[in-house]
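*Asks:* As you go down the protein sequences, you meet chains F and G in turn. The numbering used here numbers the first residue of the first sequence as 1152 and each following residue consecutively. The numbering used here numbers the first residue of the second sequence as 1152 and each following residue consecutively.
Just so you know, the hints here were simulated from the structure itself, not pulled from any lab data. Computed from a predicted structure; not experimentally measured. Be aware that a few hints might be false.
Same chains, same label: a pair holds when it works inside one copy or across any pair of copies.
Listed next, the in silico BS3-like pairs over lysine-lysine satisfying Cα-Cα at most 27 angstroms (straight line) [stated by the list, open to error]:
(1) K1275 <-> K1327
(2) K1429 <-> K1251
(3) K1327 <-> K1271
(4) K1275 <-> K1429
(5) K1251 <-> K1179
(6) K1251 <-> K1403
(7) K1403 <-> K1429
(8) K1251 <-> K1174
(9) K1318 <-> K1294
(10) K1403 <-> K1354
(11) K1318 <-> K1354
Each chain, letter by letter, is given below.
Protein chains: 2
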Amino acid sequence: MSDANLWLDEVYQGVVRTGFRLKRRVFKGKSPFQTVEVVETAGHGKLLLIDGMTMVSERDEFVYHEMIAHVPLFLHPRPRRVLVIGGGDGGTVREVLRHKTVESCVLVEIDGLVVATSKKYIPKTASALSSRRAQVRIEDGVKFVRETSERFDVVIVDSTEPFGPAKELFGPTFYKDVRRVLTERGIVVSQAGSPFYELGTIKNLMKILKAVFPVADAYTFTNLTYPGGLWAFAYASKGVHPVRHFNSARVKSAQMPLQWYNAEIHAGAFALPEFLRKAVGR
Amino acid sequence: MSDANLWLDEVYQGVVRTGFRLKRRVFKGKSPFQTVEVVETAGHGKLLLIDGMTMVSERDEFVYHEMIAHVPLFLHPRPRRVLVIGGGDGGTVREVLRHKTVESCVLVEIDGLVVATSKKYIPKTASALSSRRAQVRIEDGVKFVRETSERFDVVIVDSTEPFGPAKELFGPTFYKDVRRVLTERGIVVSQAGSPFYELGTIKNLMKILKAVFPVADAYTFTNLTYPGGLWAFAYASKGVHPVRHFNSARVKSAQMPLQWYNAEIHAGAFALPEFLRKAVGR
C-alpha cells in the first residue's frame, strides 16, 4: 500500500505538513467552485476537506465552532438575528443556535456541495442546518450583504483561505457592506488565518476593520487541524468592546455543554502573544 | 529521492504526524540514553530531535522557552538561584538569565550529548550555557534533587516525554524532593504534555502536585513543533498564586526583547479550555 493510502497529508506553504492516519476515503466531489472531500481517519473521526485543506475534523471541530460563535454571541446584549457567511458544514450554526435569544440564523454558503456533503457524512456537525431557526441560502455571501435589506445583530464570516472563492471576504468593500447590515450594537467576527504562517493576512484584515469599525481587535484559539495549531479570528464592532463589555455571569447562567469556551477563555483569548499584539497594532 | 529525504516526520500515537521539509541532515549520534539528531529544514531553521521527537525548532523555540521561564520568574518576588532539570539545549537557561536578579542558574542534564550537540549546532539556543552565571552539570536530575543541600527559588523541569530517561520526573518521590530544595516562596514549573493527546499524563501530574504543594495549577501555550500545537505546563508553589500574586508592572519595567510572553499572556495562559479545566480539577 502506498503512503498516500496510509496518510492524508496537508502540505502548507511547501515547508510543513500535517498528516492524519487514514481509515478510508468516503467521498470526493467537484462543484463549480472547488473539490469537496470526506475521509475517515484512525484517530480524528471524519475530516471534511476543501481543495485538499482540512476544514473540519470531528475530533476537534468544537474548538473552532465554539470560539467563532460564542465570543460574539455572549458579547452582544441580545442577539436575535445572526448571519453566517460560508460555514456550510453547519458547525457554526449549531453553536449559534445554542443561544435561546436567537430567533433566526441565516447561513449564506456559495457552494451547495459543501452543505449536502456535510449533511450526509458529518451529521454531528451539520444537523443544526435542519433546525427551523436556521435558513440556508446557497448563494454568494459578498453579493448577499451588498444587496440585502435585512439587518443582523451578529455577522460571522466562516470562510476558507483568502484566495479562491473566499478572496473578496478579505476586502474593504465587503466589510463596508457588513457594517451596513449590522444593527446598532452589531458585531462581526471573521476567520483570519495563522499568526505563525500568515501574519500578513491578519495585518491586512485588521487594517481594513480599523478603517471601517470603531472597535477592532483579534483573538486566538488552538486546534489540531489547522497548520501550526494557533489560529486567529478578527473581531470588529460598532460599539461593543470584546473584554470590557463582557459579562462572565451570562456564560455561567447559560449552562451550555461546551468543551472549549468558558468565561476565562473569553478574556484569555484576547491576550495576544507579543509578536501578534504588535502586528495587530494593539 | 525518497519521501524520507524530503520530509522529517514525527508520528504521534500512530494517528497523526507533523512533517518539516528537509534541507539536509546535519548530525546524528547515540548516547547511552538516547539518539540525538540535528536536521536543517526549509522553513523552520534547524531542529533538535531526541529519539525522533522534535525538541527544539529554531523558528519557534522562543514560545516554549519564554513560557517555561518567565511565568515562574516574574512571579517569584526575587528569584536569585534557579535550577533547570533537563533542557540541555540551553533555551530555558537563556530566558532565565534575562532576569537580572538571577545570580546562578544550575542546569542538570542527564545526557552530555544533548548539551554538546546543541552548543555546536544550535548556538542561538545554547549559547547562554557558556554564561558565567550558568553552571552545567551532566548528571541525573532525580538523583541531584534527592542528594543536594543547595536551595533554589525556582525549579524548572524541562523534560522530554514521561517515558525513557525522563520517567521518574513525572513521579511523586521526585516532587517531594523538589519541595525540599525549594526556598520558602519557591515555585516549580514542569513540561506536562499535550492536552488533546495526553490528558491522562496531565491529570496524574496535577494529582501529584496537589498532594505535595499548597498551590498547584496548569497553563498552556501553542507552538509549531509539538503534536497538536497546544501544550501544557504544570505549576506548583509553596505559596505564590500564579495569577493573584502576579504584578504586571514588573514585566513592563523589565523591557526584555520577548516575542511571545507579555503581561496579558501571563494571565491568559492560565485561562484553560473547559475540557482541560475540568481535567486539572480547577
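*Asks:* The structure should be examined with respect to each hint, and the outcome stated for every one.
*Replies:* The hints, checked one at a time:
no., hint, result
1, K1275 <-> K1327, "neither (34 angstroms within a copy, 46 angstroms between copies)"
2, K1429 <-> K1251, "between (37 angstroms within a copy, 25 angstroms between copies)"
3, K1327 <-> K1271, "neither (35 angstroms within a copy, 54 angstroms between copies)"
4, K1275 <-> K1429, "between (38 angstroms within a copy, 23 angstroms between copies)"
5, K1251 <-> K1179, "neither (36 angstroms within a copy, 59 angstroms between copies)"
6, K1251 <-> K1403, "within (14 angstroms within a copy, 43 angstroms between copies)"
7, K1403 <-> K1429, "between (32 angstroms within a copy, 15 angstroms between copies)"
8, K1251 <-> K1174, "neither (38 angstroms within a copy, 54 angstroms between copies)"
9, K1318 <-> K1294, "within (13 angstroms within a copy, 58 angstroms between copies)"
10, K1403 <-> K1354, "between (34 angstroms within a copy, 24 angstroms between copies)"
11, K1318 <-> K1354, "within (16 angstroms within a copy, 43 angstroms between copies)"
Hint violations for this structure: numbers 1, 3, 5, 8, all remaining hints satisfied.
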